[in-house]
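K.L.:
Please take these sequences and the hints and turn them into a complete structure.
One-letter residues, chain by chain:
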Amino acid sequence: MKSVGLIFFPAFDWCITPDHPEREERLLYTRDQIEEEGLLDLPEFREYRPRLATDHELSRAHVFVPNIRAHLTESHRIAAGGAIAAADLVLRGTEKRACALVRPPGHHSMRFVHGARGFCLVNNEAVMVEHIRQQLGPQAKIAIVDTDVHHGDGTQDIYYNDPNVLHISLHQDGRTLYPGTGFMNERGGPGAFGLTVNVPLPPGTGDGGLLYVIENLVLPILKEWQPDIVVNGAGQDNHFTDPLANMEVTAQGYARLTELLQPDIVVLEGGYSVEGALPYVNLGILLALAGLDYSQVVEPDLERVKPRQAQRVTDHIAWLVDELGQMWAGRKGVDLEAHFGKGKFFERKRMVYYDTAGITETQNGKIRLCSSCAGWELVESRSDRYAYATVAVMLPWNACPGCRGEAEAAYQEQISEKKAKKVVFCDPERDKVLGCTN
Amino acid sequence: MASTKAVLDELKAACPLKGPVNLQLSTTLTTNTIVEGRGTATAAVVIPGPGVDLRLHGLDFPLFPLPGYVDHRGRVVAECEPKEAAAAAREAQRGGAEALAIVGKFSQRNPSLEQAVLDAVHNGKLKFSHISVGHKAAPRLGFPRRVVTAHLNSQVAKAQRKFADAVESLGEGLGSVRILKADGGTMTLAQSRSLPIESILSGPAASTMAALALTSHQGKSMVVVDIGGTTTDLAVIVQGQPLYAREGAVIGGYPTAVPAILSRSIGLGGDSEIHIIDSEEGGTRFRIGPSRAGSPVCLGGTRPTPTDAVVALGRVSLGDRSRAVGALKELGARAGLSWEAAAERVVNAFVSQLCAAIHKLYGELEGQPVYTLAEFLETPHLRPEVITCLGTPAPAFMRPVGEALQLPLEILPHSASANAIGAAAARPTIGLTLYADTALRSLSIPEMGIFQEIERPALFDQRKARDRALGKLREYAREVGLGEPQDMDIVSEESFNIVRGFYTVGRIFHMHAQIRPSAQRITGEEGVR
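Line by line, the protein sequences give chains A and C.
Position 197 (the first sequence) corresponds to 349 in this note's numbering; numbering is contiguous.
Position 484 (the second sequence) corresponds to 915 in this note's numbering; numbering is contiguous.
Source of the hints: derived by calculation from the structure; they are not laboratory data.
Note that the coordinates shown come from a computational prediction; the quantities given were computed from them, not determined experimentally.
C-beta atoms are modelled at their ideal positions from N, C-alpha and C, and glycine is treated no differently.
No false leads were slipped in.
Simulated DEER-style distance windows between Cβ atoms:
1) Arg897/C / Gly510/A: 34 to 44 Å
2) Gln378/A / Gly650/C: 52 to 62 Å
3) Arg506/C / Pro195/A: 24 to 34 Å
P.N.:
Given below as structure tokens:
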């Protein structure tokens, strides 16, 4: 029997705004369906309470500007704490698998947080993954398979240069949907090249296409990479009834995906067809996680809508999987100098727009090109909300002594230069986050 | 029944009262009928619709599934064919079923499919000794529990009917008759005919109500410990209110939707078996229960029990103490201990197992999931301020438990008649669920069979919903013969905006209104007869 621990926190008294998709009602019908089905009376399931994520736990994954308290509500802490509680159930062996149905979602939240993006403020999965690594140690390998219809750009940002976290995002093509990123050529930083895998699916992808990607791309990659823990960021907005996207996936498709993927931990992401999809998709996912029969989970609209996948979509997905498969296979042979230059650092500038909060952020970043570790990183961030800069100096997990020394010196230099209002130093291996406000 | 009559006569003789005697009965009739499998042969006609396969719930009685589909907001997605319904009922009858349960998924939001099946059974002139419908038997969410509850209700209906007839035939001298329910409240005899299932597990409920009636710590939070021969039952009272089982009572291994006082039974009692365990450090220790050894040796039994330990130590005087000492000497010899040491260690083992069970229960209760920030951040403080205990061997074991948990201990008087006191002290309870959906203009109160349209949905707000729920509860109480109720409360409520396409199109209100269970205070010797 596959025991499943469920952390369910629908936050029936929290919303972004009363008529926002991320509102009180979102998990109401899911709750009704789960209770009416008597799911928790089945011996496979047990329900647990979430907990509040602490400031320290949140700061392992994020740099909040100006500070945590400016942004966070208790609901965010419980959503992240729910994911942590789910992970603990699996890590302690209390349950075989765990599922955190919590809101709000998190996968659009990047390392720097100036406000909410895509309804997300705290990256629940990243906070959870950092918690897991603190438990399992620096060598732990974690795979995140993000099956939300939107590109998991926040998670990608946090793990772009992390060789022990594999991030695979399946999403509707960024040319047709928020956040407009997640293309095949976004493959990871110099220290983790190839370990960011983006699968931009064409609009109109149905069960067939989604499952084809899982079976022919995701599962082979996981088999080769051998992660210790597989996390599924389970957005439910690929559903044919979702109001914000254009896909054709059904509850059966989601359940089969879960059955194939066999994730250790499932964390709910988006999904805004609160009545037509969520009750059924969540039910299907939970049954599949427990290894139970889900064949009778059918949406009321299925008969009327008859979702289907066009042939050209099928053909495009076959090409996509073939292409990405080759890119994965060839990832170690890629000439990194051609990608990241020959200098001491790989530097990049970029702009990040916070759609939910209406903020524009500009970042100047550099990653140390190091042959012994993933390389330390420095990011200077400003937004149009505050005139000053915030700088984060970040060590990678398993940092080499050289990078450690350089990063510490860079941190001291930033403090003494007083150019930035706030300087943060992140040292995951020693589980330390230092902050200095000038 | 003869015994009830005899008690009634005795009461009338003993009481200086002229008027009729009011009876409050706590019976094991329905509980035993279910546990011993003596109920009427019953089949369930179910309308599961899509979702979890009902077979996963491992129900071991005949199920006759019909097509038909009601969704989570009570909309009929697919109808139920009367012909098929009649055929299913006929097949059930041919299979030997004398009673029937008709249960649909989400029938508490819309009972029309259950009603269609019921009509088809009536139109087909099929006779059953009792038919239970899901939305009345179990209006809460939880289809499998609804199936079980309606099914068990039909199983025990005939036995309860006979019992009710017999009670009524007592005739002269009989005032009102109330039956104790699992939730610690009472119902009328007439109610017990249609919903007999509510009278299951009234024994544990009675002991909790007795604690409430007798305690001198009114309004406090306490753990109620009832030490019996085979088991010890734990119940939890929070600020004077008994805590309920979250989903409903479990009986004979069947999870039901019957509202019940939370009661945890542990296999630890005065007559429990004592096991000698070789601990890893080389010494020996004792483990008590969970099985029963039989009567204590001091009362003529053959194997030592925890009762023998406290009798041998001279803390309880019961039966033949020298036999208890003899039994402990023999036990001590096997464990390499003097009889005194053995007796002390048995008591210590008993105490530490009981403390562990109490800690575990509170741990579970505090870990129970909640769905709102308000509840998460302000979880009521459950921890007891007092330990209240019932049961004959209680004091000898409970004093050390009180010390270990650092809580004051209250030993209630009249332990032997606690069940009767609890039953006598109980007051009527009744509750209902209101679910209103202003977008669909639907309002339902399944307990009363109310499924109606909301006339002016735009004006239907939370206050109106509350007023309606409480007004209907008053009406319901009168309807079932409970008179003018007091202490009516909205015990839980939720409300949601229904937003479609960025516009609020309506609201959902979901609330439970209830007369809370309470106990009449019984104080002093005069109060108890």
